[in-house]
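Undergrad: Each protein sequence line maps, in turn, to chains A and B.
Quick note on full-length UniProt numbering: the first sequence kicks off at 1 and runs consecutively.
Quick note on full-length UniProt numbering: the second sequence kicks off at 1 and runs consecutively.
Because the hints were derived from the structure by calculation, they are not lab data.
Careful, some of the hints might be misleading.
Said to hold, decoys possible - As a list, the in silico DSS-like pairs of lysine-lysine whose alpha-carbon atoms are at most 25 Å apart: (1) Lys91(A) / Lys108(B); (2) Lys58(B) / Lys50(A); (3) Lys62(A) / Lys27(B); (4) Lys91(A) / Lys115(B); (5) Lys62(A) / Lys38(A); (6) Lys58(B) / Lys88(B); (7) Lys249(A) / Lys296(A); (8) Lys91(A) / Lys88(B).
Stated by the list, open to error - Far from chain A, some chain B residues (derived; all Cβ distances over 10 Å): (9) Val34; (10) Thr41; (11) Ile64.
On a predicted model such as this, the values are computed, not experimentally measured, just so you know.
Each residue gets a CB set at the ideal place from its N, CA and C atoms; glycine is no exception.
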Amino acid sequence: MPQEVTKQYKEIMSKYLESQSEEDLYVGQQFSRRFIEKDIAPEDVISIHKSALFELHPNLRKQVWDSLDFLIEMMIHYGLTMREHQSLVRKQEAIQMEMNVATKVQDTLLKTVEPDAEGLDVGWISQPAHQMNGDYIYFLNQENASSVAVADVIGKGIPAALCMSMIKFGMDGLQNENSSPDNVLGIINRIVEKSVDDSMFISMFYGKYNSITSTFSYASAGHEPALHFSSGTSAFTELDARGLLLGVKKEAIYDEHSVVLEEGDFVVMMTDGVTESRTENGFIEMSAIKSLLAEKKDESAQEIADYVYSELSRMQDYQLSDDFTIVIFKKKTV
Amino acid sequence: MNLGSSVEIITEWDIVAARQLGRNEAKQVGFGTVDQARITTAISELARNIYLYAGKGKIEIERISEAGLVGIKIIASDEGPGIPDLRKVMEDGFTTSGGLGAGMPGVKRLMDEFKVISEVGEGTTIITTKWLH
Numbered sequence: 001m002p003q004e005v006t007k008q009y010k011e012i013m014s015k016y017l018e019s020q021s022e023e024d025l026y027v028g029q030q031f032s033r034r035f036i037e038k039d040i041a042p043e044d045v046i047s048i049h050k051s052a053l054f055e056l057h058p059n060l061r062k063q064v065w066d067s068l069d070f071l072i073e074m075m076i077h078y079g080l081t082m083r084e085h086q087s088l089v090r091k092q093e094a095i096q097m098e099m100n101v102a103t104k105v106q107d108t109l110l111k112t113v114e115p116d117a118e119g120l121d122v123g124w125i126s127q128p129a130h131q132m133n134g135d136y137i138y139f140l141n142q143e144n145a146s147s148v149a150v151a152d153v154i155g156k157g158i159p160a161a162l163c164m165s166m167i168k169f170g171m172d173g174l175q176n177e178n179s180s181p182d183n184v185l186g187i188i189n190r191i192v193e194k195s196v197d198d199s200m201f202i203s204m205f206y207g208k209y210n211s212i213t214s215t216f217s218y219a220s221a222g223h224e225p226a227l228h229f230s231s232g233t234s235a236f237t238e239l240d241a242r243g244l245l246l247g248v249k250k251e252a253i254y255d256e257h258s259v260v261l262e263e264g265d266f267v268v269m270m271t272d273g274v275t276e277s278r279t280e281n282g283f284i285e286m287s288a289i290k291s292l293l294a295e296k297k298d299e300s301a302q303e304i305a306d307y308v309y310s311e312l313s314r315m316q317d318y319q320l321s322d323d324f325t326i327v328i329f330k331k332k333t334v
Numbered sequence: 001m002n003l004g005s006s007v008e009i010i011t012e013w014d015i016v017a018a019r020q021l022g023r024n025e026a027k028q029v030g031f032g033t034v035d036q037a038r039i040t041t042a043i044s045e046l047a048r049n050i051y052l053y054a055g056k057g058k059i060e061i062e063r064i065s066e067a068g069l070v071g072i073k074i075i076a077s078d079e080g081p082g083i084p085d086l087r088k089v090m091e092d093g094f095t096t097s098g099g100l101g102a103g104m105p106g107v108k109r110l111m112d113e114f115k116v117i118s119e120v121g122e123g124t125t126i127i128t129t130k131w132l133h
């Protein structure tokens, strides 16, 4: 037992026993922090109290001393619980540190190279709601073609993040394969189906821009439809294609469709963190998102993406309820 | 030097007897009130585990001395079902969950040395020591 603490405790208590003033109580309470700092268990505090009292008033009745012994006994389990709690807090801190490292590993591991196909302007943003992102963007660059996969692992956090590395390595293996959207989703679906447990599902949109024909072809595995903005009509068309979520069924078939992009046209691919943005007053309407996009139709793809993100996060008081990802493919005006 | 005595744990009253013996021994060794309470609590937890989960067993209490130090050693043994996952019962957060081995991290904290040997179907022996500092 730190003798110094006992001595000081005795002095402070002795003052209080004389004065019973608020000031001495205040001093005592400030002093009690020392017990916590020095990791002194509650049963030891009572023991300190008992010795201090004995030194000050040795002639108190026997019942007083016995009752303090009784109180010491009562406090043993409180002391244990406190120590257990401290140990759990330390454990949690260690987990938090591991999480921070994991987030960095995730960023490095999942890095993707933005495509630079002739005549195509690409913009994107992906923001996690919590520490680890459950949305994933993967760009694939081939001669005369730029492709992107936008995936959303249903569920968040660590399991989602682990799942994504699998998609990434599946996609890496595609570099030399036939990269038509229906084929890509078929391959990734088989990988996911084989490796992931039944409770985890992934939605994915895969879009491929051919810079020679200006064609955007796409397929979807249960993902949010993309939006095609036509500069000619200033109208949006939903780009949706039939297909099951990844990992549900081994032989799932994915439909592929395509659309020709004119100069100034752009395609917006999103996750449900965008389309299901919500404020106190409910979901933000799709029409609101469309008008945000249309406002910036003449800007670069990146400026459009950044603008939609900043506006939608502002509307949600900067509290994302879900991971938020937008990718924009825009055909440059010459 | 090896002074010791033991208590068979069969009924709940035997837990009290083990506590009493432990407190007396701890006092004899020279432990202060708080450490007497800690040693007694450790004995109590060990005896309770025997009573609740093994049916019957034994608490042995020894006064020990080694390299100029004196202390107390408690051996709790039973021929009960054993503890299948020792790592788990020694983890914090499981103390309040009940079941065999509940409160083990607490006993470890109350004492200085702690060792558990358990074989499923054979029984459990816990040896724990506290030194007078």
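Undergrad: Now, for every hint given, state plainly whether the structure supports it.
TA: Taking the hints in turn, this is what the structure says about them:
Our distance criterion of 25 Å between C-alpha atoms is met by lysine 91(A) and lysine 108(B), whose separation comes to about 18 Å. Restraint check for lysine 58(B) and lysine 50(A): not satisfied, since their Cα atoms lie roughly 35 Å apart, outside the 25 Å limit. Of the supplied pair hints, the one linking lysine 62(A) and lysine 27(B) holds, its CA atoms being roughly 19 Å apart against a limit of 25 Å. Straight-line distance between C-alpha atoms of lysine 91(A) and lysine 115(B) comes to about 23 Å, which keeps the hinted pair within the 25 Å bound.
With a C-alpha separation of about 31 Å, the suggested pairing of lysine 62(A) with lysine 38(A) is violated against the 25 Å cut-off. In summary, the hint linking lysine 58(B) to lysine 88(B) is supported, as the alpha carbons are separated by about 24 Å, within the 25 Å threshold. The suggested pairing of lysine 249(A) with lysine 296(A) is violated, with an alpha-carbon distance near 40 Å, which exceeds 25 Å. Of the pairs offered as hints, the one joining lysine 91(A) and lysine 88(B) holds, with about 15 Å between alpha carbons and a cut-off of 25 Å not exceeded.
Residue-level check failed: valine 34(B) sits 5 Å from the nearest beta carbon of chain A, not beyond 10 Å. Not every C-beta of chain A lies more than 10 Å from that of threonine 41(B), the closest at about 5 Å, which undercuts listing it as non-interface. Look at isoleucine 64(B): its CB is around 23 Å from the nearest CB on chain A, clear of 10 Å, so calling it non-interface holds up.
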